[in-house]
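Participant: Let the sequences and hints guide you as you build the complete structure.
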Amino acid sequence: MDREFKNVSDMIKELSTGQEFKDDSLKLLRKKKLSKYLFFLRCESNFTQMELAEKLGCSQGRISKLENTHDESLSVKDLLDYAKALDLQLEVGFRKKSVKLTDLIKYHVFKIDNCLRRLTSLAKEKQDKAIVEGVTKFCIEALANISNLILNSLVDLKKIEQRTQGRTVDLIHISPPIDENLLKKENLIESKE
Amino acid sequence: MPTWIIKATNRYEKDYKDYEKKRPNELIAVLNNLDTYCNALMKLGHPLQIKAGFIHHEPKGIKAIDQKGGKQKVKLEQTRLYMYPDCENKILRLLTIGNKSSQKRDIKHCLDNI
Numbered sequence: 071m072d073r074e075f076k077n078v079s080d081m082i083k084e085l086s087t088g089q090e091f092k093d094d095s096l097k098l099l100r101k102k103k104l105s106k107y108l109f110f111l112r113c114e115s116n117f118t119q120m121e122l123a124e125k126l127g128c129s130q131g132r133i134s135k136l137e138n139t140h141d142e143s144l145s146v147k148d149l150l151d152y153a154k155a156l157d158l159q160l161e162v163g164f165r166k167k168s169v170k171l172t173d174l175i176k177y178h179v180f181k182i183d184n185c186l187r188r189l190t191s192l193a194k195e196k197q198d199k200a201i202v203e204g205v206t207k208f209c210i211e212a213l214a215n216i217s218n219l220i221l222n223s224l225v226d227l228k229k230i231e232q233r234t235q236g237r238t239v240d241l242i243h244i245s246p247p248i249d250e251n252l253l254k255k256e257n258l259i260e261s262k263e
Numbered sequence: 004m005p006t007w008i009i010k011a012t013n014r015y016e017k018d019y020k021d022y023e024k025k026r027p028n029e030l031i032a033v034l035n036n037l038d039t040y041c042n043a044l045m046k047l048g049h050p051l052q053i054k055a056g057f058i059h060h061e062p063k064g065i066k067a068i069d070q071k072g073g074k075q076k077v078k079l080e081q082t083r084l085y086m087y088p089d090c091e092n093k094i095l096r097l098l099t100i101g102n103k104s105s106q107k108r109d110i111k112h113c114l115d116n117i
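Note that the protein sequences, when read in sequence, are chains A and B.
If you're matching positions, the first sequence starts at 71 in my numbering and goes up one per residue.
If you're matching positions, the second sequence starts at 4 in my numbering and goes up one per residue.
Keep in mind the hints are simulated off the structure, nothing from the lab.
None of the values given here were measured: they were computed from a predicted structure.
Beta carbons: idealized from backbone N, C-alpha and C, even for Gly.
Be aware that a few hints might be false.
As the list claims (entries may be wrong) - A few chain A residues facing chain B, derived, Cβ under 10 Å:
(1) ASP72
(2) THR87
(3) LYS106
(4) ARG112
(5) CYS113
(6) GLU211
Stated by the list, open to error - Here are a few chain B residues that sit away from chain A, every Cβ distance over 10 Å (derived from the structure):
(7) CYS41
(8) GLY56
(9) LYS78
(10) ASN102
(11) ASP115
Facilitator: Structure (structure tokens):
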């Protein structure tokens, strides 16, 4: 039976037999998070290393090195160059290590609220029918998407709750349509004839 | 967008354990490249968009990841981790790990098992 994993780190944790090997491999993956992200950004923009090198005016080897270096070896200039070449804006953020996941979600909700207010005031400022319609359409779409995300989490949680209680009941039970012939057969309803 | 899951075959698990004992540096190097590949795959959703020197395209959509970019101080043996991205079911099947001398046999094994 094939084993399933969510990511490579989980696989290393499960399959490695030696503690030293496990620690070394996981440490390496942790140290290259940023460079792996640069790799993803280049792929997302559909550039080969060579094409990006031409844009940056450096060698392909340099790009290859940047995408596989330890994060501590990357300079802010490297990040700025990447951002410029891929037509992106570099944003740097700091947060306390002690910040909980729930606090992080709240932080993002406040950020969303802030952006939505800016968008609404833009519509108010411009007094343009097309802009107002566009913003309204976007808000409805955002409402549906965000509600859906939260609903997905709730559904997952409900499933976990049922599993821990040893039940495997569907969240929503839909009865099959009543088969009249079957009911007649079982003498549960009177035949019209 | 549904996320990809990684499935390790029995043969892969056996190869993984052998490499961990005999060639740990090579295994760490291919795992690092596999992690880079997987991170991009999870975010992009399709393997076609992922372009890198450590990916080799084998017949029938099989891909091989090599050890490039691993420890510079030690000379690493050429190593390949073979996998098959099943785009329809969003499953990345890890098939086997081998070196240059076992390449033909490894590719045949992969072709027989996808």
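Participant: Run every hint past the structure and note whether it holds.
Facilitator: Going through the hints against the structure:
Evaluation of the ASP72/A hint against chain B yields a held restraint, the C-beta minimum of about 4 Å falling below 10 Å. Among the interface hints, the one on THR87/A holds; its C-beta lies about 6 Å from the nearest C-beta in chain B, closer than the 10 Å criterion. Against a cut-off of 10 Å between C-beta atoms, the interface hint on LYS106/A holds, since the closest Cβ of chain B lies about 5 Å away. Interface restraint check: ARG112/A against chain B, minimum CB-CB distance 8 Å, threshold 10 Å, status holds.
A distance limit of 10 Å between C-beta atoms decides the matter here; for CYS113/A the minimum to chain B is near 5 Å, and the interface restraint holds. At its closest, the beta carbon of GLU211/A sits 16 Å from a beta carbon of chain B; the interface hint therefore is violated under the 10 Å criterion. Not every beta carbon of chain A lies more than 10 Å from that of CYS41/B, the smallest distance being close to 5 Å; the non-interface claim is violated. Some Cβ of chain A comes within 10 Å of the Cβ of GLY56/B; the nearest lies about 6 Å off, and the non-interface call is violated.
The Cβ of LYS78/B sits about 17 Å from the closest Cβ of chain A, beyond the 10 Å cut-off, so the non-interface label holds. Listed as outside the interface, ASN102/B is consistent with that label: its C-beta sits roughly 19 Å from the nearest C-beta of chain A, beyond the 10 Å cut-off. Taking the minimum C-beta to C-beta distance to chain A, about 15 Å, the non-interface status of ASP115/B holds against the 10 Å cut.
Hints 6, 7, 8 from the earlier list are contradicted by this structure; the remaining hints agree with it.
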